[in-house]
Structures are given as structure tokens and as C-alpha cells.
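Participant: Can you build the whole structure from these sequences, using the hints too?
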Amino acid sequence: MNEPSSTTIARELEDQSVREQQDLRGLLSGTWGRIRSGDLGAFPVLVGLVIIAVIFQSLNSNFLSSANLVNLLLQSAAVGVISLGIVCVLLVGQIDLSVGSVSGLAAAVFATLFVKEGWPLVLAVVGAVAVGLVIGWVYGQIFNRFGVPSFVITLGGLLGFLGLQLFVLGPSGTINLPYDSWLVQFGQLSFVPAWLSYVLVVVASGGYFVSQWLLARERRRRGLVAKSVQVMAVQAGVLLVALLFAVWYLNQSRGVGWMFVFFVALVLVMHYALTRTSWGRHVYAVGGSVEAARRAGINVRRIYTSVFVICSTLAAVGGLLAAGRIAAASQSSGTGDVNLNAIAAAVIGGTSLFGGRGSAFSALLGILVIQAISSGLILLNLNSSLRFMVTGAVLVLAVMVDSLSRRSRSEHGRG
Amino acid sequence: MSSRPVIQLRGVSKSFGAVAALTDVDLEVSAGEVLALVGDNGAGKSTLVKTLAGVHAPDSGTIEFLGDEVTIPGPNAALNLGIATVFQDLALCDNLDVVSNLFLGSEIRGTRLNEVEMEVRSWELLRQLSAKIPSVRIPIASLSGGQRQTVAIARSLLRDPKLIILDEPTAALGVEQTAEVLNLVERLRENGLAVIMISHNMADVRAVADRVSVLRLGRNNGTFAVADVSQEDIVSAITGATDNAASRRIAASTRTEQE
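Protein sequence lines, in the order shown, are assigned to chains W and C. Per numbering that gives the first Met the number 0, the very first residue in the first sequence carries number 0; after that it's consecutive. Per numbering that gives the first Met the number 0, the very first residue in the second sequence carries number 0; after that it's consecutive.
Simulated from the structure, these hints should not be mistaken for lab results. Some clues are possibly wrong.
As the list claims (entries may be wrong) - Below, a list of computed lysine to aspartate or glutamate pairs in the EDC-like style, where the Cα atoms sit at most 20 Å apart: (1) W/Lys226 to C/Glu116; (2) C/Lys49 to C/Glu63; (3) W/Lys115 to W/Asp179; (4) C/Lys49 to C/Asp25; (5) C/Lys49 to W/Glu290; (6) W/Lys226 to C/Asp96; (7) C/Lys131 to C/Glu189; (8) C/Lys161 to C/Glu63; (9) C/Lys49 to C/Glu167.
Said to hold, decoys possible - What the simulated footprint calls covered on chain C by chain W, stretch by stretch (three residues with Cβ under 8 Å from a Cβ of chain W suffice, anywhere in the stretch; the number is not a length): (10) 90 to 99; (11) 115 to 125.
To be verified - Calculated Cβ distances over 12 Å to all of chain W for the following chain C residues: (12) Ser14; (13) Asp159; (14) Lys161; (15) Arg186; (16) Asp227; (17) Gly239.
Remember, it's a predicted structure, so these values are computed and weren't measured experimentally. Idealized CB from N, CA, C, for every residue including glycine.
Facilitator: Structure follows, in C-alpha cells:
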């Protein structure tokens, strides 16, 4: 039965989602059709980013300056990494409200081990990340064994780990990190050399094209309809030009920070895990229907535990990045709007609060929106009171878009 | 019914506390045969199916599968024997596409998911059932009730079962979709599977079943060859009365339906 069959292809050709891979017109009309039926994907976020850019640029001409954008990207890495973990938890239809506290606790543990106890940096980092890992595992056990809603468990964690953070920091309340330590250098001063940034961009879009081309070749070999080379080339070309322009513009000032590159790399790894491994498939399945997943033989408890562990671990990593960025761990590390920004970023980026829908890229896009708003308001010399209000409003708006598109999807039968 | 039965139940009983759900039930199905299992609400159909699916263990009686006496201690044991059950709620993930649902929990993978292989196998499977699915890459939510039923049945075929049990496959389906699912049942029979179909709909039963087995109050109340039994006989076996208001009314209404 391995022979390509013309009937298969003929039947597949009737299908819209396949037709749009054939040529550019199909690609455009297919994308437009999906958006109209409520399958919005990244569309609202991109529109939102453009609107934000236009508004702030017209109010302050520094907003789109190279220097400001470099800063904006660096600022977004720490909370972005935390948000990446939130995406995983949201995908199974759960929530983690304690990521801010866990990130602060990790920063405090790191600073204590590194500065006060004099541990080598690598061991201190490992210790702090392990704290996040253990916390996630405990959440998973409480959730699986006692059936406590994740909302309540992590609300307890929010307060409890903030307390632990204060305890670890001790009476002084702040531990400064030495400026010459690697983590602080990483967070503040290390940028990708210009030549390397261009090489990375070319490798990324080239890699995208090659992987698509290999996939298309394999599909054709098995008698399935595949993307045409034209579509692939245009997609890879657009990606290349967009990234080249972005990197060139950032290189006008300090360039692309390694910390941001690290964040993007984590996003790509997560994207791979979610879409190309059976673990990722099972995460989406649990988010779609727990009962169906269980009956399909998926170990649902293990999936829950794994996402809680990933979320808390990434929260700890984000906490370390934030500590490196400000060269200190303090009582205010991970407090304030960190929690809400991380969750808001995931939702604004298009990950559904209702589970089973979203992608790793929503953490990247969402945090860019939040940092853009924050940076714009700071440039306008507006204090945090207004920033909180605007971010809160944008979050509610994003959830409204999510709910509306969900309704539209079910009306158009797209799930 | 010349061939040896795929599954044969003898004297199966099951009680829940003081309630006898099944008493001394006999049942057999051969390869390439569709057996309709009918009965009123609470007649024990679901309990019987759950016994075969490994959800409940029978209190007494024997189950022979392909001639060997077996016990079915759990759902996985049933699957490993070659008994697949499609329950009424289908248990599909609305947010995943057809391929993902078909292979959920038993993905084909090397270092990563082999999507191409899974897609090819999905098309083969659906073609084998002559199923009308617009695309294997659209989410289940976009499919009609009949198409969902098709996907659920196709998934149960992945493990190459000998016996497939369908729990009210046409409930809540429209006319055309019902026809689609009944065609599918025909296809299963042609492929040499033994099929047990629970149904409340006499028209469906007469359309695809070879034999009808009636349960009443947890006991066998007759097994008929569909070809030589009238609708009234089945209905009266279900209700337990040859002539009462209920059987006359049901018989009359099903007769008008047919006309």
C-alpha cells in the first residue's frame, strides 16, 4: 500500500488547507479564510504591535529608535522565559499563579549560594533552577493526588514562596551580585557580534527552507500533497528579509543581546517539543479532552506533572535572568507585575485560557506587546500607576479576543 | 453462521449489590456477522458491553474468544485480545486533527513524530472504510457527527481487532449521517470483523444486522435472524408482551416510519 495513489491526492485536493499550499494566491486566500472564521493565530498580536508602535512613535520619536528597541528586547527576555512556562500550563487547561514568587525565590537562592556561601556560579545556578524543578514537582503531586485545583495550589504558592524568598534573603533584604560575574555580564553587556547576528539569521531562514523542503519531498514520495517550492521560497524569503532588517536596525546601536537570543532559542526548543514529539501531542490532547486522552492510554498525571515542572523551572530560569539584568536579588524580585505580565503575555500572544490551543511563539509575541506598552509609557514619563492600568486593560482585551474567536470558531466549526 | 464464533458468552451473570443486571446471558457472534443488541433502557445492554470491554468482570459464566476461554480483567486486556469498543461519547479531542486523534496514544515516531507516515496510514484506513472525510488535517470540531463516529471507529481499527462493539452509533445523527455510519458497519462486516451494535432504532437494526439479540430485564429474550422476523416480534420481545398498548403503538409507529 506504499504506492502513491492518485485517488488519495485527488481527494486531498478538495481540501482547503491543502490547496493553500499550492501557490501564493491559495496561501493568501486560505490565511484570510482562516482568520475570518475565527482561527486568528498570531494575527491580532501583530496588528496590536503595529498599533502600539504607531501610537507611541507619534507621541515620542525615540520609541522606535534602535537603542530603545535593543533595550526593549533585553527587558523582555526574563519575563518572556517565565511566560513560556505559563504557555505549557495553559495548554493543559491549568494555571500557575506563583511564577513571580518562584522566580524571586530562585533569584534569592542563587544570590545566597553565590555571594554569601561562595559557591561556584554554575553550581549556584543549578541549585536555583533545581528549586524551581522541585516546586513544580510538588505542585504536580498535590494536583494529581488530592485533586486540588491548580488555581488554589499556586495561589498558596504565590504567598508561601514569597515568604520563603524573604526568609532566604534575611534581614538585609537585598543581595547585590558582583558586576564582573558571568550572569550579570550576560544580562547587561553581552551582545551578539554584528557579523554573527547576520550569520544566525541566514542559518535560521535557510534551515527553515531546508526542513520544509525535506518534508515536502518526503510527502510527495508517499503520494501526499505537499507545499510547492514557490510557497516555501517566498515564506523563507520573507523571513530572511524581515530578520535581516530587524538585526541590521538593532545593530545600529548595541545589537542583539545574548539574553534575548537565549530566550528565542528556548522558544524554538519548546515549539519543537510541543509540535514534533508525542509529549507535545499529549499536552494538547489533555488540554482538549482529559477523558479522551486518558482513554487513549495517555498517562495524564505524568503530563500534568511535566507541565508544572517545566513551568516552575522556567520561572526559576527567568528569575535568574532578571537578577542578572538588575545585578541583584531583592525583596522585590519577582513581585509586582511580574506574575501578571507573564500570564498576560501568554494570553495576549494567543494561547487560550481554556486549554488545548496556543503555541510557544505566543510567549514571544505576547511579551513584546507588554514590553512595548511598558517602554512606551516610560518614555512618556508616565509612572507605573498608568502602566498597570493599560496593561490590565490590554489583558482583558486579549481574553475578549480569545473568547470571541472561540465563539466564532465553534460557529464555523473549526473547534 | 457456519464459522466458529469469534466470541461466545455462556451463562454470564453480573449483579451490583442486590440488583441483578445480567442473569444467565448467552451471546455469540461470528466473523463477518453483525449482531444487533436491543433491549429497553435498563435491560442490561450497557452492562453486557462493559463486561466485554473489560470495565466490569462478570460474577459467573464463561467468555470464549476464538475458541479459548478468557477473562477480561481490564480495558487494555480487552484491546490486547482484539475487542474494540466505541462508546457513545466517542472520546475524541476536538482541538486535534484527524491524524492526531487516530494515532493518539500510539503515535508513530522515530526521534520525532512521523507525521507523513501517520498521514499515509490514516488515508489508507479511511479508504478501507470508504469513509468520506474532507481532510485528515482539519480539527475534529469541524466534522459532522457521522464523520466523528467514522473517525472513532477508524481509530478502534488501528489495533486490528477481531470484534468491534458499537454503542448506539447512530444516536443523535441525521438521516444522511446515519446512512453513512450504517455503510461503515457494512464495510466492517465485509472486512471480516465480528460486530456487535447496540441500537434503539429498529430501522437501523433491520438495515444492517444479520441477527438480533434481545435482552429483557437482564436475561436473553430471544435471538432472531433479521431476515425472518417481523418488527412486531422484536418489539414484543423487547417489551415482553405480545399484545399491549406499548407494543401496538411502537409497532404501529415503526410501520408508518417504514411506509
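Participant: Does the structure keep lysine 161 of chain C and glutamate 63 of chain C at a Cα separation of 20 Å or less?
Facilitator: holds, 13 Å
Participant: Holds or violated: lysine 49 of chain C with glutamate 167 of chain C, Cα cutoff 20 Å?
Facilitator: holds, 14 Å
Participant: Can the restraint linking lysine 49 of chain C and glutamate 63 of chain C be considered satisfied, given a maximum Cα separation of 20 Å?
Facilitator: holds, 16 Å
Participant: Taking only the CA atoms, is the gap from lysine 115 of chain W to aspartate 179 of chain W under or equal to 20 Å?
Facilitator: Holds - the C-alpha atoms of aspartate 179 of chain W and lysine 115 of chain W are around 16 Å apart, at most 20 Å.
Participant: Please work out if lysine 226 of chain W and aspartate 96 of chain C have their alpha carbons no farther apart than 20 Å.
Facilitator: holds, 18 Å
Participant: Beyond 12 Å from every Cβ of chain W: is that where the Cβ of serine 14 of chain C lies?
Facilitator: holds, 26 Å
Participant: Using Cβ atoms and 12 Å as the threshold, tell me whether arginine 186 of chain C really stays out of contact range of chain W.
Facilitator: holds, 16 Å
Participant: Are there at least three residues in the segment 90 to 99 of chain C whose beta carbon sits under 8 Å from a beta carbon of chain W?
Facilitator: Three-residue rule met by the segment 90 to 99 of chain C, so holds; n is 7.
Participant: Are there at least three residues in the segment 115 to 125 of chain C whose beta carbon sits under 8 Å from a beta carbon of chain W?
Facilitator: With 6 residues in contact (Cβ-Cβ under 8 Å with chain W), the coverage given for the segment 115 to 125 of chain C holds.
Participant: Verify this label for me: glycine 239 of chain C is non-interface relative to chain W, using a Cβ-Cβ cutoff of 12 Å.
Facilitator: Consistent with the label, glycine 239 of chain C stays out of reach of chain W, its closest Cβ about 35 Å off (over 12 Å).
Participant: For the pair supplied as a hint, lysine 49 of chain C and glutamate 290 of chain W, is the alpha-carbon distance within the 20 Å limit?
Facilitator: holds, 17 Å
Participant: Does aspartate 227 of chain C clear chain W by more than 12 Å, comparing its Cβ with all Cβ atoms of that chain?
Facilitator: holds, 39 Å
The earlier numbered hints are all upheld by this structure, with none contradicted.
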